[in-house]
Amino acid sequence: MSKPIITARGVSKRYQLGQIGMTSFRDELERLSSRLRRKEASTPARTGEFWALQNVDFDISAGEIIGVIGRNGAGKSTLLKILSRTTEPTNGEINMHGRVGSLLEVGTGFHPDLSGRQNIFLNGAILGMSRSEVAAKFDEIVAFAELSAFIDTPVKRYSSGMYVRLAFAVAAHLEPEILILDEVLAVGDADFQRKCLNRMSEISTSDGRTILLVSHNMQALRRLCGKCLYLERGKSLGIMPVEDAIARYTQHSQPSPPIVRLEDRPRGHAEGSRVRLLEIGTTGGQPIRYGHPIQFYVEFRLLEPVRRFAIGIGFNTREGQRVLTLDSDTMQPALDLEPGSYRVTLGVNFWLLPESQYHITCAAIEGSTYPDALSDVALWDVLPAPEDETTHRSSPNARPPVAVAVRELIA
Amino acid sequence: MTAHASTHRIQIRPNQSWLRLDWVGLWQYRDLLVLLVQRDFTAKYQQTILGPLWFIVNPLINAFVFTVLFSRIIGISTDGIPPMLFYLGGQLSWNYFANVLGSTGNSLTGNAGIFSKVYFPRLIPPFAMCGSSLIAFVVQLAVFGVVWGYNFFFTPYGESMNVGWSLLLFPLLILQTAALGLGTGLVLSAITAKYRDLQQLTGYLLQIWMYATPVIYPLSRIPEDWRWVANLNPMAAIVESTRVLLLGVGSVTFATHAVSILVTVSVLLGGIVLYQRTARTFVDTV
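Heads up: the sequence lines are chains A and B, in that order.
Heads up: the first sequence at position 156 corresponds to 156 in the working numbering, and the numbers run straight through without jumps.
Heads up: the second sequence at position 1 corresponds to 1 in the working numbering, and the numbers run straight through without jumps.
Worth flagging that the hints you see were computed from the coordinates, not collected in a lab.
Do not rely on the hints blindly, as some may be mistaken.
[Claimed, not checked] Keeping only pairs whose Cα atoms sit at most 20 Å apart, straight-line, the calculated DMTMM-like set for lysine to aspartate or glutamate is: (1) B/Lys44 with A/Asp152; (2) A/Lys235 with A/Glu93; (3) A/Lys3 with A/Glu93; (4) A/Lys137 with A/Asp207; (5) A/Lys195 with A/Glu175; (6) A/Lys156 with A/Glu105; (7) A/Lys3 with A/Asp207; (8) A/Lys137 with B/Asp31; (9) B/Lys44 with A/Asp113; (10) A/Lys227 with A/Asp207; (11) A/Lys235 with A/Glu88; (12) A/Lys137 with A/Glu202; (13) A/Lys156 with B/Asp40; (14) B/Lys194 with A/Glu88; (15) A/Lys227 with A/Glu243.
From just these sequences and the hints, can you work out the full model?
Next comes the structure, spelled out in C-alpha cells:
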C-alpha cells in the first residue's frame, strides 16, 4: 500500500452553542468589567458546547475515492470544512501532500454581471487554478457545460440550469491532487448528473487523484467509491468497504416518537425568524399504517402576516430518496394568515407508502421561498396493514387500491 | 507526481502562530488578485453611461464646492496656491486612502459567503481592493495633471511653479497611502467581524479623520501648540507631502514624515496580524 496522501490524527472541533458571534460591543464590555472585578459567576451562562468532531483519525492513500457517510449532525460537513481549510480544528492535526481543491458549493464567487467567459476564469482562480491552466482547459470547460453559444452573455441572463452546468464544468476540470466534494451531485437534470458522475470516476481512475465525497445519495456513493469513512455523532467508525457502510447506514434503527418538537432545533442562516415551526406529529400520536387513513399536524408561529403560505412534509427513504411530499396547497388554495400561532393538519385517506422507515422533512413555504425548513427531523416507522395480503409481492413502492371492473371479452 | 506533491505539503493545526502568513499561497493566487481587480472594475461600470468618467466628475465637483465655500466665502488660505489646484491636490491621496479604507473595512463580513465555502489566502480580497481603488486614483491624477498644466502654461502663477526630481518619490507616497488605508481597513474588518454594531463606525471615522487632515486647509494653518497632534496623524504628513511633491508648496519636515511612515508600518502589521487571527475561525461565527 502506498504512502498515505492524507493523514488525520485526533481531529476535534468544538462549537459554542447558543448566541455565537452575536455579541455586541456592550455585552463584551460588561463581561470585561465583571472579569476585572473578579466576579467569575457573572460570566454569561454558556449554553453549552458541542463537539462536532471528536478524535477522528484516518489515512487515505493516493488515488482513492472515499465517501464520507453518516447521519445529519455526524460531523461530515465540519470535517469537510476543516479539510478544505475554511475553518480550523480545535485539536488535532491533518497532513496533506498535494494541492487541495474543494467544492462545498457550485458557482462560488460567480458574479452576475460578468460573462460566462469571465466567470470561468474568476471561479477557476478562486478554486486555485492559475490563469494559464484555465486558458488551456477553456474549450473543454465550455464544451462540457454545453454553453458555447452563450459564453459571452452575463451569467445573470442564464437559466438556473445553465448556471449550475457552467459552475460544475469549471470544478470538474480542476486538477488538484486532492478533491473535496460536498453533495454537489444533486445538480442539473438527470443527463447532466450522469455526465458529472462519469467525469468524477474518470478523474480518479485515469488521473490517480484522491477524492473525498459527502453525499446522502447511496447510488452515487456505491457507484463512485470503493470505501467510506463512517462518522457517527462526531466520532469515526473507521474506513470500511462501501457496502458495509451503506448497510450500516440503512439498517433499521430506533424510530423517533410520533410527536417531535421543532422549536429549538438549530436552523440555517435567517431561517425560522419570521415564521417558526414548533412541532410536528401525527394526530393523537397514532402510528402510521399502510393503507389506513392518517392525519399529520404541524404547529408554527408567525411574527408577521404571510401570504400564499403553505406547510409541507416530505418523506425520504433511508437511502435519501424523496418518495412522497404532502403540501397543504397541492391543488388547492394557499393560506393568507395574520401573526399568531397555528396548527395545520394534513390528512390522507389511504396511506400508500409501504412498511419501512422514512426520514421526515418539514417546511414552511411562502410563495417561492422557505422562511423555515428542517430536514431529517424524525425517523418514522410505517407499519404493515394486517389485512393486506399483497405486500410480499413487491419491493417498497406505492401500492394504492385500484378501481376494478371485469368484463368478459366476446370474440 | 510524488515530486510534485512533495512541494505542496499542507498542514492543518489549531492555533497557528499569528505571524505565520501563507506567503506561498499569496504568490500562488496572484492570478486571482488580478481577476478580482478586473471584476470590481467591470462590475462597477458595466451598466453606467459615463463609466469611469464618474471618477473625474466627483473630485471636480468637490474641488469646485470647496473653492466656493472655503476659499471664496469662508476665506481659508491655500498657501498661495490657486484654490482649484490646492483642493484637487489635497484630495488625490485622501480620496485614495478613503477608498481603500472604505472598501477593505468589511473584508471579512463582506466575503463571509465565499470564505465559508472555499479556501484561498484571506488577504487576497483586501489586496485586490487596493488595486481596484488605484484605477480611480489614476483617473483623478490625470484630471489633476490637466488643471496643473493649465495653471503652468496659461496663468501668471505658473511662473512660480517648480517641480523637481523629488516627484519620483510620489509613487512611494501612494504606496504608503495604500498601506495605511489597508492596515486601518484590516483592523476595522477584524473588529466588525466580531461586533457588527461597529460597522456604522467606518463612515464617521472617515469624516472626522478628513477634517483632522489638511485636505481643505494647509498644514500651516494648524496652530503651533496643536502641531504635535497633526504629526501623530499619518495622513496629515501624506497629504501635505503630496502638495510638496506636486506643487512645491507646503510645510512638512523630514522628521514629521518619518513619524508618519513609522505609524503606517505599525498599523499595517497590526492590521495583518489581527485580520489573520480573526479570519482563521471567522466562518464558525457567521
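Status of each hint after checking the structure:
no.: 1; hint: B/Lys44 with A/Asp152; in the structure: holds, 18 Å
no.: 2; hint: A/Lys235 with A/Glu93; in the structure: holds, 15 Å
no.: 3; hint: A/Lys3 with A/Glu93; in the structure: holds, 17 Å
no.: 4; hint: A/Lys137 with A/Asp207; in the structure: holds, 15 Å
no.: 5; hint: A/Lys195 with A/Glu175; in the structure: holds, 18 Å
no.: 6; hint: A/Lys156 with A/Glu105; in the structure: holds, 18 Å
no.: 7; hint: A/Lys3 with A/Asp207; in the structure: holds, 17 Å
no.: 8; hint: A/Lys137 with B/Asp31; in the structure: holds, 16 Å
no.: 9; hint: B/Lys44 with A/Asp113; in the structure: holds, 9 Å
no.: 10; hint: A/Lys227 with A/Asp207; in the structure: holds, 18 Å
no.: 11; hint: A/Lys235 with A/Glu88; in the structure: holds, 17 Å
no.: 12; hint: A/Lys137 with A/Glu202; in the structure: holds, 16 Å
no.: 13; hint: A/Lys156 with B/Asp40; in the structure: holds, 16 Å
no.: 14; hint: B/Lys194 with A/Glu88; in the structure: holds, 17 Å
no.: 15; hint: A/Lys227 with A/Glu243; in the structure: holds, 8 Å
The structure fails none of the hints (numbered hints given earlier).
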